[in-house]
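Chain A is already provided as a structure; the job is to place chain B on it using the hints.
This is what each chain is made of:
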Amino acid sequence: MIQAKNINFYYGSFHALKNISMKMEANTVTAFIGPSGCGKSTFLRLFNRMNDLIDGTRLTGECRVQGDNIYGKQVQVDELRKRVGMVFQKPNPFPKSIFENVAYGLRVNGMGDRKFIAQRVEESLQAAALWDEVKDKLKKSAFELSGGQQQRLCIARALAVSPSVLLMDEPASALDPISTSKIEELIHHLKKNYTIVIVTHNMQQAARVSDKSGFFMLGELVEFSDTKKMFLNPDKKETQNYITGRFG
Amino acid sequence: MKHTEREMQSLKEEVRQMWKLVISQLEKAKQSFMAGNAELALEIASREKRVDAFELKIDSDCENYIALYSPVAVDLRLALSLIKISSTLERIGDFAAGIARHVIDGDCHKVDEKLMEDLQIEKMFDTLIGMLSDGFVALESENTKISGKILAKDEEVDAIYHSAIDVLTNYIVENGKLKVENDNNNFQLSTFNFQLEERVRCGLKLLLVIRKLERIGDHCSNIVEEIVFYVDAKVLKHRKDE
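Taken in sequence, the protein lines are chains A and B. Counted from 1, the first sequence has number 72 at position 72 by the working numbering; the numbering is strictly sequential. Counted from 1, the second sequence has number 240 at position 240 by the working numbering; the numbering is strictly sequential.
Watch out, some of these pointers could steer you wrong.
As the list claims (entries may be wrong) - Here are the simulated distance ranges between beta carbons:
1) A:LYS5 to B:GLY130: 52 to 58 Å
2) A:ASN8 to B:ASP232: 35 to 41 Å
3) B:HIS238 to A:HIS189: 35 to 41 Å
4) B:LEU56 to A:LYS137: 52 to 58 Å
5) A:SER181 to B:LYS20: 40 to 46 Å
6) A:MET1 to B:ASN64: 41 to 47 Å
7) B:GLU140 to A:SER173: 38 to 44 Å
To be verified - Within a straight-line C-alpha distance of at most 20 Å, the following computed PhoX-like cross-link-like pairs (lysine-lysine) qualify:
8) A:LYS228 to B:LYS234
9) B:LYS49 to B:LYS84
10) B:LYS212 to B:LYS123
11) B:LYS145 to B:LYS237
12) B:LYS234 to A:LYS236
13) A:LYS237 to B:LYS234
14) A:LYS229 to B:LYS237
15) A:LYS5 to A:LYS18
16) B:LYS153 to B:LYS212
17) A:LYS229 to B:LYS234
18) B:LYS234 to B:LYS149
19) A:LYS23 to A:LYS191
20) B:LYS2 to A:LYS237
21) B:LYS49 to B:LYS237
22) A:LYS5 to A:LYS73
23) A:LYS182 to A:LYS90
To be verified - Which chain B residues stay away from chain A? Per the calculated CB distances, all over 12 Å, these:
24) ASN37
25) ALA38
26) ALA159
Please keep in mind that the hints were generated in silico from the structure rather than gathered at the bench. Just so it is clear, CB atoms sit at the ideal spot from N, CA and C, and this is done for glycine as well.
The shape of chain A in the complex, shown without the other chains (with noise of 0.2 Å):
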């Protein structure tokens, strides 16, 4: 499960989430919607610690994943991003082989053992569907794979390592049609054992892959409840607006 408690975040003075307060549950999905700058990516990257990266941020709060305060003085950010994988919006392989993209999680993680390494490499791809794709074709170079099949590359990447959690920046929003079914596709299959937070600007791409979603506007959570509810009858006025295009 993860939960955040009253998070404020900020970019030097700029107040970008405002107290934000929500339980995502274990092997469920769960997607961010919002207009541009709302702060839903922001919010998304506080569960693997990616802003941390950033120069001149502060955020207030408790951000917790299975129970851990992920930023809590012991905590090896390493380690968290091992349990709380990401992928983002543009597929991102490394100039290398297909199998070894897969593996690269678990060699830097000081793995050796050659046939767990293969083993693993071929369970993520089969748990990314990608497997029968490129069983043939493992050292060929990953740039060699379709857009869509780049993101579920990285997915399978992200997977390797065997994280509970794992977070989607607008994983399909540079792939067509049939690659971002094949996405949806792989969450609705992915939730069965892990916990995926999605964040998307496609509104259709929230209402088929989550079970629950947020809305966010200017740092807030306006709303957050069941995507049916949220996609039939939100309760804000400011969800409808903008699920239906009134927004602005």
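Same frame as chain A, now just chain B:
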């Protein structure tokens, strides 16, 4: 106004036009039935095709709207409601045309002044026209406060329908008793049997008209339920007891 809002307004306008036509069909059905005006009944029957055409057009436009604009929340509820409302209005139009055909057939009209009064058919017509008009206002103003009042009127219509069955039963039984009293006069008996058969046949035909009116009441209730779904996102269907 945004393009998507214009599309929605255009859908609503089509339903408004259809609604007005169906109210007019029902008003004319009342006039033609109460006065036995076959000419007016023919007009109703010919305008029935326009009601059907509206239904097809609204169905098609709602399909396009859903496919092209992927509406959600209140917009999705509106599109779904309009599809169902137009289909229900078409059914009401069918019933109005059915009543008109009864008038066109020409027989069994005003079999008995007293019977017609006891059946309260005119009151039924007026109540239904009121329900349909109130429903129109509810959609127009997106105000569901009136929905309870409309649903209560359906109960009035049902009560008239049930009482009409009793009235018609008594009407037929009373004539049956007369037959027994006249049993010893063969000439009178054959004349009377002809009259009796005719009156029973007309009684049954009247029952069919009353049944149509009762069904129109149910359809008006269904329309109100759709408006409540659209405006308040509440499902009233199959929850009459609650």
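Cross-check of the supplied hints:
1. A:LYS5 to B:GLY130: 52 to 58 Å: holds, 56 Å
2. A:ASN8 to B:ASP232: 35 to 41 Å: About 36 Å separates the Cβ atoms of ASN8 of chain A and ASP232 of chain B, which means 35 to 41 Å holds.
3. B:HIS238 to A:HIS189: 35 to 41 Å: holds, 36 Å
4. B:LEU56 to A:LYS137: 52 to 58 Å: With a Cβ separation near 54 Å, LEU56 of chain B and LYS137 of chain A satisfy 52 to 58 Å, so the hint holds.
5. A:SER181 to B:LYS20: 40 to 46 Å: holds, 44 Å
6. A:MET1 to B:ASN64: 41 to 47 Å: At roughly 43 Å between Cβ atoms, ASN64 of chain B and MET1 of chain A fall inside 41 to 47 Å, so the hint holds.
7. B:GLU140 to A:SER173: 38 to 44 Å: Cβ of GLU140 of chain B to Cβ of SER173 of chain A: about 41 Å, so the range 38 to 44 Å holds.
8. A:LYS228 to B:LYS234: holds, 14 Å
9. B:LYS49 to B:LYS84: holds, 19 Å
10. B:LYS212 to B:LYS123: holds, 14 Å
11. B:LYS145 to B:LYS237: holds, 17 Å
12. B:LYS234 to A:LYS236: holds, 16 Å
13. A:LYS237 to B:LYS234: holds, 17 Å
14. A:LYS229 to B:LYS237: holds, 19 Å
15. A:LYS5 to A:LYS18: Measuring from Cα to Cα gives roughly 11 Å; hence the hint holds.
16. B:LYS153 to B:LYS212: holds, 16 Å
17. A:LYS229 to B:LYS234: holds, 12 Å
18. B:LYS234 to B:LYS149: OK: LYS234 of chain B and LYS149 of chain B at ~17 Å, within 20 Å.
19. A:LYS23 to A:LYS191: holds, 16 Å
20. B:LYS2 to A:LYS237: Holds: LYS2 of chain B and LYS237 of chain A sit about 18 Å apart, inside 20 Å.
21. B:LYS49 to B:LYS237: With a Cα-Cα distance of about 29 Å, the restraint between LYS49 of chain B and LYS237 of chain B is violated, given a limit of 20 Å.
22. A:LYS5 to A:LYS73: Answer holds: LYS5 of chain A to LYS73 of chain A is near 18 Å, not above 20 Å.
23. A:LYS182 to A:LYS90: With a Cα-Cα distance of about 16 Å, the restraint between LYS182 of chain A and LYS90 of chain A holds, given a limit of 20 Å.
24. ASN37: Given that every Cβ of chain A is farther than 12 Å from that of ASN37 of chain B, nearest at about 47 Å, it holds.
25. ALA38: Label holds. Min Cβ-Cβ 49 Å, cutoff 12 Å.
26. ALA159: Given that every Cβ of chain A is farther than 12 Å from that of ALA159 of chain B, nearest at about 35 Å, it holds.
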